[in-house]
Structures are given as structure tokens and as C-alpha cells.
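2 protein chains.
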Amino acid sequence: MKIAIFRSLWLSAMVFSCFLPLSAQISGFSPDQAAAQEKLEKQFDAQLKASDLDQWMKQLSLHPHHVGSPWDKANAEFMAAQFKSWGFDTRIDEYQVLFPTPKLRLLEMVGPTKFKAGLTEPPVRGDASSQQTAEMLPPFNCYSIDGDVTGELVFVNYGIPADYEELEKRGIDVKGKIVIAKYYGSWRGIKPKVAAEKGAIGCIIYSDPREDGYFQGDVYPKGAYKNADGVQRGSVLDMPLFPGDPLTPGYGATKDAKRVPVGEAETLTKIPVLPISYEDAQPLLAALEGPVAPSGWRGALPITYHIGPGPARVHLKLEFNWDVKPLYNVVATLKGSVYPDQWVIRGNHHDAWVHGANDPVSGMVAVMEEAKAIGELVKTGWKPKRTLIYCGWDGEEPGLLGSTEWAEDHADELQQKAVAYINTDGNGRGFLGGGGSHTLEKYFDEVSKAVTDPQTGLTVFERRKARMMVDGQTEPKFYELSALGSGSDYTPFIQHLGIASINLGFGGESGGGEYHTGYDSYEHYTRFKDIGFQYGVALAQVAGRLTLRLSEAEVLPFEFQHFSQTVNKYADEVMKLADRLRDETAKENRLITDGFYKAAADPTETFIVPETKAEVPFFNWAPLQNALAELKKSVAAYDEALKAGMPSEKQRDALNLALMKMEQSLTREEGLPRRPWFRHQIYAPGFYTGYGVKTLPGIREAIEERKYDEAQEQILIAGQVLSKFAREVMRAAELLKRA
Amino acid sequence: MKIAIFRSLWLSAMVFSCFLPLSAQISGFSPDQAAAQEKLEKQFDAQLKASDLDQWMKQLSLHPHHVGSPWDKANAEFMAAQFKSWGFDTRIDEYQVLFPTPKLRLLEMVGPTKFKAGLTEPPVRGDASSQQTAEMLPPFNCYSIDGDVTGELVFVNYGIPADYEELEKRGIDVKGKIVIAKYYGSWRGIKPKVAAEKGAIGCIIYSDPREDGYFQGDVYPKGAYKNADGVQRGSVLDMPLFPGDPLTPGYGATKDAKRVPVGEAETLTKIPVLPISYEDAQPLLAALEGPVAPSGWRGALPITYHIGPGPARVHLKLEFNWDVKPLYNVVATLKGSVYPDQWVIRGNHHDAWVHGANDPVSGMVAVMEEAKAIGELVKTGWKPKRTLIYCGWDGEEPGLLGSTEWAEDHADELQQKAVAYINTDGNGRGFLGGGGSHTLEKYFDEVSKAVTDPQTGLTVFERRKARMMVDGQTEPKFYELSALGSGSDYTPFIQHLGIASINLGFGGESGGGEYHTGYDSYEHYTRFKDIGFQYGVALAQVAGRLTLRLSEAEVLPFEFQHFSQTVNKYADEVMKLADRLRDETAKENRLITDGFYKAAADPTETFIVPETKAEVPFFNWAPLQNALAELKKSVAAYDEALKAGMPSEKQRDALNLALMKMEQSLTREEGLPRRPWFRHQIYAPGFYTGYGVKTLPGIREAIEERKYDEAQEQILIAGQVLSKFAREVMRAAELLKRA
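If you read the protein sequences in the order shown, they are chains A and B.
Under our numbering, the first residue of the first sequence carries the number 1, and numbering increases by one thereafter.
Under our numbering, the first residue of the second sequence carries the number 1, and numbering increases by one thereafter.
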């Protein structure tokens with residue numbers, strides 16, 4: 001699912017000039033243990049073979065392997081056998097989930113001219129995988145409801161709330177109409193959600209060639225980008241409410257679990273939704289009249305983009321098989337020799353929409369290679385101090401099903417034992433992208449400076465830094481993790497259970513349009529993505545180090561300066577957001593009340609002057625600011641206490657237990673407003689972005705949605721949470737002072 | 001030619017918060033005279049009839065009327081007869097100019113596939129004008145040299161210097177190649193000029209549908225935008241060197257004038273150039289390979305835009321009839337009753353590339369209507385105090401020929417007698433755009449607040465203000481004139497002779513793609529531009545007031561606060577430009593020398609690290625700053641002296657003579673570096689923009705072109721010129737103190 005990561009990565013970078021360059025140490029290790037660790041990591045590297053990745057990708061992507069397909073199960077069994085052969089205690093954990101598949105898909109224009117959408121992805125030359133059309137799920141959006149609707153068509157750009165404001169200014173209402181939205185601009189599930197909120201009766205999503213088709217580069221099979229037939233499949237589950245099986249909200253979808261009736265499932269769409277190709281979209285869009293779409297809405301089709309409504313009228317009919325299907329999570333454990341009840345979890349999903357060579361197999365094979373290498377180390381007599389759990393999740397594509405059900409099913413044990421969760425979800429060529437808990441930022445930074453970029457011989461940190469500097473960003477002194485929104489299997493761990501998490505992958509030099517289409521094949525991947533699997537090996541080197549350092553550290557490498565600075569930055573952002581919204585609202589209200597909008601409008605076109613909005617009040621930020629001041633003090637005390645040198649074994653044991661659970665103090669049992677499943681108070685996917693993160697989400701979204709009382713409450717809550725966290729840090733500092 | 005004005009207008013707005021709102025006075029008029037003037041203007045307005053404009057547009061655009069065509073001459077004679085009938089003393093001033101027309105145009109792709117460009121504009125349904133193909137000049141770029149070249153094709157975006165930097169980074173050289181550039185991004189003549197500087201052997205210019213085709217709106221005849229066949233004709237004379245007849249540089253192209261041989265004419269292109277449609281461009285662009293063009297280069301054709309070079313190879317063959325043709329300037333004079341030797345000049349061109357309903361006829365008919373209305377006033381016994389000269393210029397399209405030859409021919413008399421020149425060049429629906437000498441800004445502002453917008457009933461100032469505010473600009477207190485670059489007939493007046501000038505027109509709600517095509521017809525104009533000619537009447541109201549207030553003012557309404565503030569802003573800009581260039585150069589050099597460029601580049605693509613550039617020195621700005629301080633003092637003294645009340649008649653006569661020539665003290669006989677024809681030291685068209693203005697051009701272009709010694713010299717020169725101007729203002733102030 002993962003596509004969001006490289007879109008936001010380069011934008012989210014930030015710099016704290018107050019940090020000194022790091023020395024060559026490894027956080028959490030005493031000098032002699034650090035030397036041993038370096039040696040271990042070299043031995044680990046020596047086991048990594050690109051040819052393994054190649055061979056496994058070929059195997060895993062040989063057939064379509066979506067949830068419920070024979071190859072999905074076969075892949076799980078194949079992987080389980082491999083993990084077993086490397087000495088891992090391996091299970092396949094099964095869950096039973098709702099997984100609708102298409103029974104009937106019909107999209108036709110019924111007037112003013114007739115057109116029937118093809119809705120198919122034909123095979124292309126030179127790609128044997130694309131021949132297996134009988135095994136593929138045809139293009140569809142998973143968890144769309146059934147429907148049979150006919151109505152005038154309206155083009156709504158990306159279909160996000162801001163787009164509807166533009167429609168309103170033009171006097172266009174989508175009530176009773178069918179909308180057509182472009183992919184991108186938000187997570188796809190937002191589009192039918194907002195459309196339904198606005199009264200639309202159906203939603204079509206298409207891939208404009210501007211986003212990932214010929215506008216970006218040559219199309220498949222000549223190049224990597226989306227050809228006229230390619231369709232992005234994908235989930236439209238209301239994941240910002242909660243991910244996972246829609247019938248078992250908040251608990252594991254075990255065989256005998258109590259299930260919500262399908263008709264009452266909250267996270268299904270409210271209207272039918274269907275994704276189409278640009279070949280199918282063009283006749284529909286070309287048949288629209290009404291106002292010309294704003295410049296930023298227009299794509300790369302050779303037409304004038306009009307908004308409508310109509311005169312194009314379309315008929316959309318969708319029926320699904322509402323089946324419950326089994327999920328096969330591969331869970332491979334290597335028991336810790338010293339701390340068996342401290343778990344380092346490493347995962348990637350294995351299910352795909354079609355062949356999924358890139359998404360997810362390119363990441364899954366790195367996970368396997370890491371496990372294989374560790375298995376080799378074990379054969380030499382080495383044992384991990386902490387327990388390592390390697391996971392291949394099923395059902396990520398429909399809605400993070402495998403990871404969510406597993407995390408919900410094992411919630412208590414995970415909150416007791418998990419040290420951290422390290423996620424990947426596909427891989428490509430280029431630059432290291434990483435997001436995650438900022439208590440792990442320093443540790444991630446150190447790893448990024450310990451692995452060599454295969455193309456340049458620089459460290460992967462240095463190569464990314466070069467890209468950032470050429471792109472005009474400030475010189476980064478350390479690797480700044482982005483904050484995690486959603487879109488992959490870290491979500492249940494960090495956002496539901498409060499387990500510190502990392503998500504990573506390489507990319508930026510391997511663009512394409514194959515994502516979730518029938519063309520994400522081994523043939524495509526090996527021509528356009530990571531030729532020779534050199535970045536697959538680099539990913540294993542980075543994720544392997546991340547895993548092994550957590551496993552072997554004397555003191556777990558959680559650190560709080562980076563976190564404190566980062567949250568201060570978020571606080572600064574939301575304060576500025578309130579100020580900006582206040583100024584903008586005042587300005588906008590003046591444009592309305594003083595008649596400027598009316599005077600500026602073209603009288604030959606419809607223009608509805610918007611309503612004025614309530615003024616934005618000034619907020620009491622003190623609760624948040626006081627908590628941040630408290631945090632600063634605690635962090636200083638913790639760092640001061642650590643300066644005394646490596647703590648005693650007894651201190652370390654107590655400290656590590658405290659550190660493991662630190663992230664959980666950033667959660668609240670009550671969760672976020674209107675979505676209690678999301679418990680983390682610092683990071684959440686946006687309710688109206690889906691993938692895109694909202695930091696300090698309670699405050700930020702309340703301001704954005706102009707819920708001013710709620711914003712004030714959320715400032716108080718964020719202050720309480722951060723104060724609780726500060727006390728936990730202080731408690732850790734005090735642990736170090738005790739004998 | 002005029003298209004640039006509305007592109008830059010809204011961007012160039014600026015605000016001086018120190019000015020108070022203006023009272024309802026009319027600058028230069030005592031209270032009772034102001035009342036009389038208001039009455040006169042109302043009488044003037046009462047004469048204006050939209051039906052005249054309609055009828056004259058139909059007449060003037062009935063046939064193609066380019067230079068040398070029968071209808072060009074017929075139109076001149078028709079207009080002359082009209083002016084005569086309104087009581088004007090009317091001449092047709094003839095000049096003989098080089099005007100090449102196409103003899104042979106051939107463009108074909110010779111490999112890897114064959115394609116022959118059509119190079120024609122077929123008639124379209126519902127547009128009778130477009131049937132007259134036999135009378136039209138086919139699409140061509142005027143003053144391209146003859147040529148017969150074959151070479152690999154390279155796509156160069158807009159073909160401006162910055163684009164070639166991108167090519168160099170990709171290791172692409174255009175030497176010996178033929179470039180294809182998009183229209184827009186600069187004046188078209190810059191494209192072959194830069195291409196030739198870089199060693200290209202031919203240049204093709206095409207209209208991408210993104211700029212004015214289907215991307216913008218429905219295409220003709222359904223809508224106003226450019227259809228697949230439309231081709232923008234236009235001059236590619238090296239006008240930034242000097243406009244006008246290439247064979248008579250700097251002097252009038254009279255019958256017996258000495259002429260430079262065609263082979264030695266400096267302003268012809270160095271390579272053959274041909275404009276084509278997007279229908280003809282698409283196969284050529286689609287046949288390119290090599291790197292994908294940067295995102296900002298890509299247009300709206302349904303292809304992947306590659307740069308090349310090749311494998312497409314094209315053959316371009318052009319031959320022209322190198323004829324000398326007559327120009328017919330219509331010059332209609334109404335002698336001043338009090339100051340016959342003070343001339344207020346009002347003009348618009350009458351020649352067109354084809355039918356030219358919009359460009360230039362929509363402006364020309366407003367000029368005629370103004371003259372007709374004034375003729376009516378004269379019939380009532382009123383007489384203008386100063387001499388009014390109404391001009392219909394010929395040969396503007398090929399290179400401001402008519403106005404330039406006339407201005408050069410009458411240079412001495414004009415510098416003695418001209419008060420100001422007021423130009424239009426077509427008109428549309430929407431917002432008043434105005435540029436010109438900032439000594440006339442206050443006067444222009446007053447007029448903009450005295451004319452009613454026909455669509456809203458607000459003043460044209462208020463309507464434009466509303467648009468600016470909705471667009472997020474700061475609230476304007478007065479009408480800020482943009483600075484004049486080039487692209488219409490004001491250039492010889494202001495930039496060569498130093499005669500204060502204004503250029504104006506309405507637009508912003510009448511977009512289209514007809515510019516310089518065979519579809520700029522009466523049919524097109526009356527459907528899409530200014531329906532009912534209501535903005536034609538508004539233009540006559542604004543330009544009529546501008547003319548009449550100059551004619552009747554007791555003290556000519558030149559004012560220096562606005563000018564002083566504006567030049568201070570320009571000085572601030574060039575100082576910041578130097579600082580920015582210094583920072584950017586240091587940053588860029590670091591990216592080069594520290595290896596960041598190399599490290600960031602994709603190793604699978606060619607990337608040539610640029611050479612480092614010399615550091616930007618600090619300049620001595622004192623000469624400019626001291627002159628600006630002197631100017632401030634003079635302006636204060638002048639304003640103080642005027643506060644005493646209306647000067648005596650004797651004072652006024654002396655003062656007006658001084659004011660008329662004030663702008664000339666902003667010129668230098670030596671002109672700008674390497675282009676002595678351009679004498680104005682505050683405003684000039686950019687050497688590498690063509691239309692786009694460069695203010696304080698000597699300094700600004702020296703910095704931009706990294707000629708640091710020259711920049712320092714030009715700071716000194718600008719200081720001297722502004723100091724001279726300040727002394728003239730002080731002299732005017734002193735005139736007022738004398739009895």
C-alpha cells in the first residue's frame with residue numbers, strides 16, 4: 001500500500017541546529033560491546049546475497065496472490081518453510097476477515113453519447129505475468145458497497161474537501177450525482193467518503209496520465225509509467241476511523257470472534273466506488289460541459305477539463321461477493337537468549353493486489369534475507385539477546401488486516417513485551433526514506449551513517465543529504481525521521497498500541513505507474529526498479545542493523561532530545577496554524593462582506609459568494625507549553641544521569657523495561673475524538689488525508705475543522721499526555737540514580 | 001503585438017502606504033477649471049457609441065490587412081477619411097521598409113519516420129473570415145532569414161537562457177541541431193536569438209495546447225482557444241537591439257533614406273525560424289527520445305516530452321521575398337488653440353497579421369471613437385488648448401515599424417513638442433491594465449477612479465482592486481502603473497526619445513488563442529471578447545480623459561512623489577538581486593565543489609556538474625543612493641512650491657515647458673550598453689526577455705549577466721541620470737518661486 005512515503009519524505013525534513021554532529025558510537029552500547037556489534041553487523045552483511053532476493057521475488061510474484069487466492073496461501077507456506085529452515089520457530093497465524101471481490105462491474109455513459117468502459121487490463125508484450133488475467137482480481141476498490149446508480153457526472157479534482165469549496169463557489173452541488181475524481185491528492189478512501197458526505201450517489205476514481213502516466217515518462221512496456229489501460233486497485237475502507245477487518249472492530253478476527261453484520265459495518269463506503277483507467281475516463285471527461293476546471297485541477301489528457309454537472313450521464317453498477325476469507329500471517333520467532341520477553345518485531349506484508357513484485361514483494365524478500373542472514377549467524381553459535389519476531393503479514397492491501405488483527409489479538413502481550421516494530425513495504429532505487437517514533441531518531445540516524453549506498457559509495461545518510469541540499473533544503477546534521485501517518489502495517493503497532501515504530505525503504509529513482517495494477521510484475525520490477533537488487537541488499541543492511549541493535553543493546557537506544565525538539569516544532573506549527581487561520585478568516589470575511597468577491601467575479605459566469613466564517617479565537621496554549629517545559633527538564637535530567645557512564649546491570653534491566661513502554665504513555669485509552677481506535681496523541685493519519693500524517697492530531701484537526709472548543713480541550717489533553725511522558729522520562733532518570 | 005500586458009500586470013502591482021487617499025480633485029486644474037473639465041468629459045462620454053466601434057471593426061477586419069496588402073492601404077485611407085470628416089487635419093505618412101514574406105516553407109521529419117508539416121490554417125465553420133485563405137499571409141516568423149537546414153531535433157522548452165542551463169546539466173548541446181521551442185516564456189524573438197548564440201542551425205516555435213489551446217478552454221470555433229491548426233505568426237526581429245525597419249537603424253525609412261544592405265542588417269535572425277501548430281508539432285515531439293523533459297517543460301500534448309537530441313531528424317527550408325513595402329501611418333491633427341506647440345499624441349496600430357479584429361482593431365476603433373467624439377465637441381465651439389495628434393500606425397506587427405520610423409523621422413520636433421504619448425493595442429473584457437511613466441501615475445490613478453466599469457457599475461479602479469484583493473495582493477490605495485517593457489508602439493516614444501508614455505487596455509476576462517492566427521476575426525471577437533463593445537467604450541472613456549486632461553491642464557499633471565517612490569523600489573530590488581545572486585552563487589559553488597551535485601545525481605542518467613561561477617562582489621551603491629536622496633529633496637521642494645496654490649500664467653508656461661521634457665532627462669545619448677537605441681535609463685525591454693521590462697536596466701542586466709564591472713559602472717550612471725532628473729525637478733520648483 002505504501003506509496004505515500006516518498007511523496008512526503010523530502011518535504012518533511014527539518015533541522016535542529018542545536019545538535020552536535022554525532023560521534024562514531026553506537027547508542028546503547030558500551031565501547032567494547034559496540035566493537036562486538038560492529039563485527040556482528042559485518043558478519044551479517046557478509047551473508048546477504050542479491051541473488052536470493054531475485055529468486056524469492058520470482059517465486060512470490062509468479063502468480064497473483066491477493067487475499068483468498070491459492071498463491072497467497074502458497075506464498076505463506078513457502079515463506080514459513082524458509083523461516084523454519086533458518087532455525088526460526090514459525091507459525092502461520094490465521095484470521096477470518098470480510099473480503100469482498102467483484103461479481104459485477106458496469107460503467108457506461110448513457111447520454112448524451114453512449115460509451116461502455118472496458119475495465120480491463122490486457123496483457124502487454126514482454127510481460128508474461130500480465131498474461132495471467134484469469135487469476136487476477138479485476139480492477140476494483142475493495143470495500144465499496146454494492147450499488148446501481150445513474151446520474152449526471154461531476155468532475156471533482158482529487159475529491160478532497162477543498163475541492164468542494166471550489167465547486168460551491170461555482171454553484172455546483174453533487175447531491176444525487178456521480179463524481180469522478182483523480183487518484184492522488186489524498187488517500188483514495190477519502191474520495192468516496194467526502195463525496196458521500198456531500199450527497200453524491202457514486203464515485204469513479206481514475207488515474208490521470210499527469211500523475212503517473214505519460215506525463216511522467218514513457219508508459220509500460222516501453223517505460224515504467226502507467227499505460228492507457230492500467231488501473232490502480234485499492235482499498236477504500238474508512239481506515240482513518242479504524243483499519244483491520246470491518247466486522248471485528250478493535251479485536252482479533254479469530255474464527256469464533258463475534259462479528260458485526262456486514263450491513264452495520266462502519267468502515268465500508270457509503271456509496272459505490274470504482275477505479276478506472278485513463279482510457280476509460282477520457283470519453284466521460286470529454287463529455288462534460290459547464291465551467292472549465294481551475295488550472296490546478298486539469299490533468300494531461302488532450303481535452304478541456306470541464307466540471308459539469310453533465311450533460312454526461314453515467315450508469316454505475318457494482319456487485320460484490322461478500323465473502324469471509326482466511327488470512328495467513330507468517331510469524332517466525334527466534335527466542336532471545338537473555339531477554340526472551342523483550343520482542344523486536346520486524347515485518348512486511350506478503351499479500352498483493354496482483355503480482356505485487358514491487359508492492360510488497362521487494363520489501364518482503366529483504367525481510368527474508370535478513371532472517372536468513374541471522375539464521376546463518378545463529379549457526380556460528382551467536383544468539384540474539386532479545387527475541388526477534390519476523391512477520392509476513394497477509395491482507396495489508398484491503399486494509400492492514402493481517403497486522404491489525406494480529407496486533408489486536410495479541411494486544412496485551414505486545415504492550416508488555418514489544419520493544420519496537422520495524423516495517424517495510426516494498427523498495428526501490430535511490431534514497432533512504434524513514435519515518436517513525438522520534439525517540440528512535442538518533443538510533444536511526446546512526447544506522448543511516450553506517451550503511452553504504454550501492455551506487456555512490458557514500459553512506460546512505462550522505463547520499464540523501466546531497467539530494468536534499470541540491471533540492472534547496474537546509475543542510476541536515478542528522479537523519480530526520482518523518483512522522484508516521486498511515487498506509488502500511490506500522491499503524492496498529494504505533495497508533496493503536498503505542499509501540500515505537502519505524503517504517504523505511506529506498507526510492508526516488510525508480511518512479512513508475514505500476515502501483516496496484518496488473519503490471520507490477522517481476523518483469524517490470526527487474527527492468528525499472530532495483531536492477532540487480534542492490535537496494536534490496538542495502539535495505540536488508542539498514543533494517544538488519546535496526547533490528548540487531550535493538551536486540552543487542554545494553555541500554556535500549558531510546559533517546560528524548562530529538563523527540564522533545566520535534567514535538568516543540570509540532571507545537572510551534574499548530575500555534576502558527578491557528579494564527580494563520582485567524583488571519584485568513586478575517587481576510588476572507590472582509591472579501592465577502594465588503595463585496596470584493598462579488599466585484600471581482602466574472603459576471604458571465606456563476607459565482608456564489610461564500611458564507612462568512614466564525615472568527616478564530618485566541619487559544620490558551622499554556623497547558624501545552626508548560627508540558628513542553630516540563631519535558632525539556634526531564635530530558636535534561638535523563639541525559640545528565642546517562643552521562644555517568646554505562647549503568648549497572650540491575651539499573652539497565654529496570655531502565656530497559658521502562659524505555660520499552662515509554663511510547664505507550666503518549667497514547668490515551670479514549671483515543672482521538674470520534675475515532676477511539678487511534679490512541680496515539682502525537683501521530684495519526686489525517687481524518688481527511690488518510691495517508692498523510694497529522695502531528696498533534698487532536699489539536700491540529702480541531703483547528704483545521706474549525707472546532708474551536710474541541711481545539712482548546714485537545715490542547716489540555718496534549719499537555720496532559722506530554723506531562724505524563726515527561727514524568728516517565730524523569731522516572732527513567734531516577735532509576736539511573738538508584739544503586 | 002500587445003499580448004504581454006495582461007500577463008505581467010497583476011504581478012507587478014505595488015503599494016506605497018505613505019500616500020494618502022486622493023481627493024476628488026483633478027491634478028493640474030484649479031477648482032473651477034476642474035469643474036469645467038468634468039463637464040467636458042461628460043459631454044465627451046455622451047458622444048461615445050458602441051455601434052460605431054462595431055461597424056468600424058467589421059470594416060477594418062473585413063480582409064487580411066498586413067503590411068503591403070491592399071486592405072492595409074484601404075484601411076489607412078478609410079480611417080484618414082473618417083478623421084478628416086471629424087475636422088482633423090489628416091495626413092498619411094508613408095515610409096518604405098523591408099518586409100519579407102514567405103516564398104517557400106517546408107518542414108519535414110526525415111527520420112526515423114517521415115512526416116510533413118501542414119503549415120496551414122484551414123477555414124472553420126461559422127467564421128466567414130477564415131475562408132479568405134488566399135488573401136492571408138501563411139504562418140511565418142517575420143525577419144527569419146532564408147535557410148535550408150537538416151539536423152537532429154532538440155526540445156528546448158521556452159528556449160530562454162535558463163533552459164539551456166538545464167540542457168547543459170544533461171550533457172546536451174544544440175550545436176548543429178534544430179531546436180523546437182514552445183511559445184510563451186519570453187517574447188518569441190528571444191528563442192531563435194538564444195538558439196543561434198548556442199550554435200543551433202534552425203528554430204521551430206510551436207504553440208503548446210497548455211499555453212493557449214485546449215488546456216485553457218474549448219478551442220475555436222466551439223470556444224475561444226487555439227485549435228490544433230492555429231499558428232501564432234509574429235516578428236522575430238531582434239527588437240531588444242532596436243525596433244523599426246532593419247535597413248534604416250535610428251533614422252526614418254523615407255523613400256530616399258540610405259539603406260543598409262539586407263545581408264548586413266543587424267536585427268534579422270541568424271538562423272531560419274518557423275512557427276507551427278500543435279498538430280504539426282506533436283509528431284516531431286513524439287519522435288524524440290533521450291531524457292524526459294523536466295516537469296515544468298512539459299505541455300499538454302498526450303505524449304511523454306523527451307528532450308532528444310533526436311532520433312528525430314528534421315529538414316527546415318525557408319525562402320522569403322525580401323521586398324521593400326510601403327507603410328501608411330495615419331496622422332490626424334487638431335491644432336491646439338492656446339499651446340499649438342504642445343502635442344498630446346494618441347495612437348494604436350492598424351496593421352494586422354491577418355484580420356486582427358482583436359489585435360489591433362479593437363484598440364484602433366476606440367481611438368477613432370475618441371477622435372469622433374472630440375470632433376463633435378469641436379462642433380459645439382470648444383477647442384483643445386494643446387494640439388491633439390491621433391495616430392494609426394502601420395507595420396507595428398513586423399517590428400513597431402510605423403511608429404518607430406515616424407518617431408525617428410520627427411525626433412527633434414517630438415522632443416521639443418511632445419507632452420506625452422498614449423498607446424493602446426487591442427482591448428478586451430475585464431480589468432483596466434495600465435503601464436507607463438511613473439511621473440504620470442497620479443494622473444492615471446485619478447482617471448481610473450473617474451470611469452465606470454460597464455459590468456459592475458464600480459469605478460474601473462475599484463473593480464481591479466477587488467480582483468487584486470481576491471488574488472491575495474495587498475490592498476492598493478491608488479492605481480500602480482506597471483513599468484513599460486516593449487511589444488507595442490510606445491517603445492520609440494518612451495525608450496528612444498524619452499517622451500512620457502502610457503499604455504493601457506482592458507482584459508483578463510476574454511482569454512483566447514486567436515492571437516496572430518487566421519482566427520482573430522470579427523466573428524471570434526464578437527463572440528468571445530467584448531460582446532457589445534462595452535469595454536471598447538470604457539477604453540475610449542479612459543483614454544479620452546487621459547488625452548483631454550493633458551490637453552486642458554493648467555499645469556501638466558506630472559508628479560514626482562510616485563516616481564521617486566517607484567525608483568526607490570527598483571533600487572531596492574537591484575540591491576536585493578545582487579545579494580541574492582551572491583548567496584545563490586556561493587551555495588551553488590558549494591554544491592559543485594563539495595560534490596553534492598555528483599552525489600545526488602542518478603547514476604543511470606547523464607549529469608554534467610556545472611562549472612563554478614565567480615563570486616559576486618559587493619557593490620558601491622552610494623552613487624545611486626545619494627542620487628535618490630537628492631531626488632527626494634527635490635520632490636519635496638517641488639511639492640512644497642506647488643502648495644502655494646495655482647501658479648501665475650507666466651510661471652505655468654515656463655513650468656509646463658520644463659515638465660514636458662522632464663522624462664528626457666532620464667535618457668542618455670549613449671543609450672544602454674550594446675544597444676544605444678534604447679536611451680531610457682529607468683525602463684527597457686529585457687535583452688533576453690524581449691517584452692518583459694527591466695527597470696534600472698543597465699544595473700539589473702549587468703548583474704543578471706554577471707558583468708560585475710559593468711554593474712558598478714551602471715550604478716554610477718544611474719546615479720548621474722537620477723541626479724540630473726533631481727536637478728530638473730528642483731529647477732521646476734524654483735520656477736514656481738519666481739514671480
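Everything labelled a hint here was simulated from the structure, so no lab data went into it.
Any given hint could turn out to be false.
It does not matter which identical chain is used: a pair holds within one copy or between any two.
In silico lysine-lysine, DSSO-like type, Cα no more than 27 angstroms apart, as pairs [as the list claims (entries may be wrong)]: (1) K707 with K613; (2) K114 with K222; (3) K114 with K103; (4) K449 with K598; (5) K175 with K737; (6) K49 with K417; (7) K587 with K633.
Evaluated hints:
1. K707 with K613: Only inside one copy: K707 and K613 sit 12 angstroms apart there, 53 angstroms across copies, limit 27 angstroms.
2. K114 with K222: between (32 angstroms within a copy, 21 angstroms between copies)
3. K114 with K103: within (23 angstroms within a copy, 48 angstroms between copies)
4. K449 with K598: Answer is between; shortest inter-copy Cα gap is 19 angstroms, intra-copy 57 angstroms.
5. K175 with K737: Cα proximity of K175 and K737: none, with 65 angstroms in one copy and 74 angstroms across.
6. K49 with K417: Intra 32 angstroms, inter 88 angstroms, cutoff 27 angstroms: neither.
7. K587 with K633: neither (40 angstroms within a copy, 37 angstroms between copies)
The earlier numbered hints that this structure contradicts are 5, 6, 7.
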